[in-house]
Amino acid sequence: MTWYLLRRVGQAVAVVIGVMILTFILLHMEPGSVARAVLGLRATPARVAIFDDTYGLNKPLYQQFVIYVKQLLHGNLGVSYQLQQPVSTLIAERLPRDALLLGLSTLLALIIGVPAGIYQAVHHNQLVDDVVAGTWFTLYSAPDFMEALLLIALLCVQFHVFQPNFPGGITSVGGVLTDWRALVLPVVVLSINSVASFSQYARSTAIQELAADYVRVARAKGVPPRQVLTRHVLRNSLLPVITILGMSLPSIVAGAVIAEAVFNFPGMGQLFWQSALSHDFPVLLGATLIIGVATVTGNLLADIAYGVLDPRIRHGS
Amino acid sequence: MRTPRRLAALAATLALATLVAACGGSSVKVGSGTTVKGQKVNGGTVTIAEVGASPNFIFPYPPATNENGYNVNLTMGLWPSLVYVGDGGKSAVNPQASLYSSLKYSDNDTVVTIVLKPWKWSDGVPITSRDFTFTYNLLKANYANWIDYTQGLFPTDVKNVSTPNAHTVVLDLTRSYNPSFYTDDVLAEIPLMPQHAWDKTSATGKVGNYDQTTAGAKAVYAFLQKQGGDMATFDTNPLWKVVDGPWKLGTFNSSGYYSWVPNKNYSGPDKPILDKVVWTPFTTDTAEMDTLRSGTTLDLAGLPSNDVRQISALEAEGYSVAVEPTPGVAEIVPNLYNSAVGPLLQQLYVRQALEYLINRPQIVSKVYAGYADPGNGPVPVLASGSYVSPLEKAGGPYPYSPSKAISLLKAHGWKVAPNGVSTCERAGTGPSDCGAGIKANEPLQLTLLFTSGMASFDQQEAAIQSTEAAAGIKIVLKSEPFNTLISTAGVCSKQSHPASTCGWQLLDYGYEPYSLDPSGASMFNTGGYNNQGGYSSTEENNLINQTEYGPSSSAFYTYEDYTAKQLPWLWLPQPSNLFVYKKNLAGVTPLNPFSGTLNPEVWYYTKPSS
Numbered sequence: 001m002t003w004y005l006l007r008r009v010g011q012a013v014a015v016v017i018g019v020m021i022l023t024f025i026l027l028h029m030e031p032g033s034v035a036r037a038v039l040g041l042r043a044t045p046a047r048v049a050i051f052d053d054t055y056g057l058n059k060p061l062y063q064q065f066v067i068y069v070k071q072l073l074h075g076n077l078g079v080s081y082q083l084q085q086p087v088s089t090l091i092a093e094r095l096p097r098d099a100l101l102l103g104l105s106t107l108l109a110l111i112i113g114v115p116a117g118i119y120q121a122v123h124h125n126q127l128v129d130d131v132v133a134g135t136w137f138t139l140y141s142a143p144d145f146m147e148a149l150l151l152i153a154l155l156c157v158q159f160h161v162f163q164p165n166f167p168g169g170i171t172s173v174g175g176v177l178t179d180w181r182a183l184v185l186p187v188v189v190l191s192i193n194s195v196a197s198f199s200q201y202a203r204s205t206a207i208q209e210l211a212a213d214y215v216r217v218a219r220a221k222g223v224p225p226r227q228v229l230t231r232h233v234l235r236n237s238l239l240p241v242i243t244i245l246g247m248s249l250p251s252i253v254a255g256a257v258i259a260e261a262v263f264n265f266p267g268m269g270q271l272f273w274q275s276a277l278s279h280d281f282p283v284l285l286g287a288t289l290i291i292g293v294a295t296v297t298g299n300l301l302a303d304i305a306y307g308v309l310d311p312r313i314r315h316g317s
Numbered sequence: 001m002r003t004p005r006r007l008a009a010l011a012a013t014l015a016l017a018t019l020v021a022a023c024g025g026s027s028v029k030v031g032s033g034t035t036v037k038g039q040k041v042n043g044g045t046v047t048i049a050e051v052g053a054s055p056n057f058i059f060p061y062p063p064a065t066n067e068n069g070y071n072v073n074l075t076m077g078l079w080p081s082l083v084y085v086g087d088g089g090k091s092a093v094n095p096q097a098s099l100y101s102s103l104k105y106s107d108n109d110t111v112v113t114i115v116l117k118p119w120k121w122s123d124g125v126p127i128t129s130r131d132f133t134f135t136y137n138l139l140k141a142n143y144a145n146w147i148d149y150t151q152g153l154f155p156t157d158v159k160n161v162s163t164p165n166a167h168t169v170v171l172d173l174t175r176s177y178n179p180s181f182y183t184d185d186v187l188a189e190i191p192l193m194p195q196h197a198w199d200k201t202s203a204t205g206k207v208g209n210y211d212q213t214t215a216g217a218k219a220v221y222a223f224l225q226k227q228g229g230d231m232a233t234f235d236t237n238p239l240w241k242v243v244d245g246p247w248k249l250g251t252f253n254s255s256g257y258y259s260w261v262p263n264k265n266y267s268g269p270d271k272p273i274l275d276k277v278v279w280t281p282f283t284t285d286t287a288e289m290d291t292l293r294s295g296t297t298l299d300l301a302g303l304p305s306n307d308v309r310q311i312s313a314l315e316a317e318g319y320s321v322a323v324e325p326t327p328g329v330a331e332i333v334p335n336l337y338n339s340a341v342g343p344l345l346q347q348l349y350v351r352q353a354l355e356y357l358i359n360r361p362q363i364v365s366k367v368y369a370g371y372a373d374p375g376n377g378p379v380p381v382l383a384s385g386s387y388v389s390p391l392e393k394a395g396g397p398y399p400y401s402p403s404k405a406i407s408l409l410k411a412h413g414w415k416v417a418p419n420g421v422s423t424c425e426r427a428g429t430g431p432s433d434c435g436a437g438i439k440a441n442e443p444l445q446l447t448l449l450f451t452s453g454m455a456s457f458d459q460q461e462a463a464i465q466s467t468e469a470a471a472g473i474k475i476v477l478k479s480e481p482f483n484t485l486i487s488t489a490g491v492c493s494k495q496s497h498p499a500s501t502c503g504w505q506l507l508d509y510g511y512e513p514y515s516l517d518p519s520g521a522s523m524f525n526t527g528g529y530n531n532q533g534g535y536s537s538t539e540e541n542n543l544i545n546q547t548e549y550g551p552s553s554s555a556f557y558t559y560e561d562y563t564a565k566q567l568p569w570l571w572l573p574q575p576s577n578l579f580v581y582k583k584n585l586a587g588v589t590p591l592n593p594f595s596g597t598l599n600p601e602v603w604y605y606t607k608p609s610s
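These protein sequences, in sequence, are chains A and B.
Using our numbering, count along the first sequence one by one with no gaps and you end on 317.
Using our numbering, count along the second sequence one by one with no gaps and you end on 610.
Calculated from the structure, these hints are not laboratory results.
All C-beta atoms in this analysis are idealised placements derived from N, C-alpha and C, irrespective of residue type, glycine included.
It cannot be assumed that every hint is accurate.
To be verified - Covered stretches of chain A, going by a simulated chain B footprint (3 or more residues, C-beta under 8 Å):
#1 47–55
#2 151–161
#3 265–276
Said to hold, decoys possible - Sample of chain B residues with no beta-carbon within 10 Å of chain A, all distances over it, derived:
#4 N73
#5 K120
#6 T291
#7 R293
#8 T296
#9 S365
#10 K393
Sequences are here, hints too, so could you generate the full structure?
Okay, structure coming up:
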């Protein structure tokens with residue numbers, strides 16, 4: 001197991017370095033002047049020159065890359081061209097909030113999706129299975145922003161049940177939790193798509209498990225149906241869900257652009273989007289690096305979770 | 001049919017507001033001439049929405065690398081400029097709110113004598129000429145790293161600064177300046193800095209006279225700029241507690257949320273009535289609009305031009321609408337040195353035909369629901385007050401006229417094919433030929449590159465494409481995100497027009513903002529850094545110089561009319577800024593087009609008169 005983990009970590013580091021190099025090259029191949037993108041049309045040539053000099057953009061690309069790597073090795077992700085703040089500060093401000101928002105929505109999706117999937121499996125090919133599956137697919141196929149706007153129109157504008165947006169000025173996770181009512185709609189909207197996929201994965205695996213020999217044996221031995229489901233079927237049905245969960249970690253880092261835009265939630269998604277529009281390379285590089293790390297970490301965690309849930313998997317062998 | 005109804009609804013609302021103001025309760029005069037009815041309530045908090053706003057610099061002289069327009073919103077109420085621009089809704093200098101009591105030009109307009117009012121900083125220390133010299137010394141040593149420095153202007157245009165007494169400053173300039181230009185565009189960019197509090201090189205160091213040497217001035221400026229970018233300490237740093245504007249910073253956090261509280265020692269005419277003004281950031285227009293529609297926490301918010309149709313719904317939620325003309329010029333820039341269509345666009349008659357075919361009144365009414373400047377020339381009719389020439393007021397030299405456009409093209413050898421593509425029939429350089437560089441059978445087809453992401457922009461460009469077709473001018477539309485567009489479309493000229501950055505033909509990226517004096521320098525003069533299309537004319541250069549350096553106050557109209565006719569750019573309507581505000585909030589209108597932050601010092605809540 002240890003050797004396996006070391007090997008996987010080594011692979012992860014190689015992947016992250018590859019992503020970093022590729023991103024750096026691709027970003028700097030983008031046409032146009034960064035200084036003009038940031039400083040705008042009224043930037044004088046003198047200001048453009050100062051900008052390029054300040055951020056080393058007048059140096060050859062390989063030198064810029066060496067400087068960037070040196071900064072990274074010192075834990076410095078650089079300074080945002082646009083926001084003029086350290087990238088690490090910008091990410092550190094937003095990441096915990098996104099983690100909370102997407103963590104809660106994922107948890108809600110799991111709580112609803114997995115039991116629903118197993119329920120569908122138990123009743124598969126019955127009317128209730130079709131109704132539930134149809135509901136999930138309908139919600140899944142509807143765009144996030146449309147669901148968000150519909151909920152706002154109904155629950156905020158029409159009936160004033162919830163507030164439509166996150167109050168400005170909240171920067172900490174504690175502040176977000178204090179205003180928990182503002183979290184309800186974004187969490188619900190973000191969980192809708194995940195519920196559909198979790199439930200369908202859980203359903204199809206559970207159908208296979210319910211037909212497996214060990215389930216039949218358990219039933220033949222007189223194990224109560226509820227116990228068969230909770231002790232045997234549920235555990236094995238979680239394996240594909242674990243894979244999805246592992247892969248969803250980068251989306252937590254990448255943020256939820258739509259939800260952030262509609263619900264006034266200043267997170268990583270908005271930061272990434274605005275930076276992409278304004279050629280803010282340090283932020284893009286920093287965010288891509290963090291997403292790369294999150295991706296390989298997520299996959300690694302999923303692999304480890306397999307071993308915990310399924311003893312047949314022997315990582316070390 | 002919908003637009004007129006909306007306009008009627010707005011007009012009815014404004015009329016009703018006027019009627020109510022005329023009939024009820026006691027009246028109160030606020031700001032510069034606005035009279036509002038209802039019982040005045042002292043105190044209260046106003047919450048203002050700002051979309052995409054995240055100020056990141058508080059020192060009022062940001063570095064050259066910083067381009068965050070919201071910083072002005074943060075600092076303008078704390079450290080207003082020496083010359084305060086915008087007098088209520090008028091596009092004029094506001095002498096009452098300005099720091100000077102007199103401003104005189106002498107010696108052939110090479111000497112400016114400024115007498116400061118006996119006002120005080122928020123800590124009770126008088127504002128003196130020493131504060132001016134401190135400001136000047138810092139800028140003189142650091143002008144290259146000041147965002148607003150323009151080559152040849154303040155502080156490098158000053159030979160000497162003398163201070164005969166504590167309240168008088170004499171600027172000895174390197175050349176004559178047009179007094180209007182120098183007052184409205186140069187001195188209006190200069191807030192004073194408190195020497196007694198800021199002349200230091202470290203947080204723990206003592207205040208001295210460091211600014212009096214170049215090295216010292218550099219050290220002080222570097223210290224202040226470093227402190228000015230430390231967002232975590234904006235609301236706690238003692239430096240920023242010393243202000244001379246009506247407001248002080250209350251709270252600030254890095255998300256862009258901040259508040260102003262009254263400066264109790266403000267010496268100016270309009271002392272704040274409210275207890276607090278809060279700026280709250282929004283990620284997008286959509287988020288802001290949802291909050292407005294839910295009728296919750298916002299007292300004032302900008303209304304994006306895409307959401308003009310929401311006005312009646314917002315009025316039902318208890319909001320009024322305020323219109324602020326935008327001081328700027330909206331345009332399509334023709335690339336006169338594009339390798340494919342440069343020869344076409346160099347022909348004045350082609351540019352005239354293009355302009356005649358832009359149905360600007362229709363764009364104003366249909367795309368912007370009436371909330372836009374007509375775009376009759378280089379100076380905005382609604383926002384530039386006395387700078388607007390009679391020609392522009394009368395509709396400009398090229399009102400919409402497809403027949404004139406067609407006549408022009410035919411007179412210059414074109415076979416006009418309405419709704420098709422016109423072609424050059426008579427190639428050549430004679431007066432009735434197509435013109436130099438234009439080949440026989442060359443089609444009159446141009447690509448218009450514009451900013452994507454705004455429905456109103458899409459509609460405007462589609463309208464232009466449609467009306468240009470009436471004379472067989474085929475416009476191909478291509479859109480790109482704003483930042484991509486401005487980073488890839490370079491400044492092109494006769495001398496330099498590389499294919500990599502000068503491949504664009506017609507360019508519409510939005511508008512160019514103006515100071516109070518809507519100078520054409522940098523945009524229309526030969527080699528101007530913002531003269532993207534490469535327009536060059538000796539006459540134009542001379543006229544621009546007259547507006548900046550000549551003594552005549554009529555020089556501006558001459559420049560303006562010449563530019564309007566020559567069409568270095570094609571003129572377009574410029575949408576106004578729209579705001580909605582709670583109906584019980586008084587003093588919001590008329591909006592000052594130049595204040596940037598609005599003027600909450602004259603706002604107050606009202607309650608119905610008993």
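Outcome of the hint check:
no.	hint	in the structure
1	47–55	holds (count 5)
2	151–161	holds (count 4)
3	265–276	holds (count 4)
4	N73	holds (14 Å)
5	K120	holds (32 Å)
6	T291	violated (5 Å)
7	R293	violated (5 Å)
8	T296	violated (6 Å)
9	S365	holds (28 Å)
10	K393	holds (27 Å)
Going down the numbered hints, you'll see the structure goes against 6, 7, 8, while the others check out.
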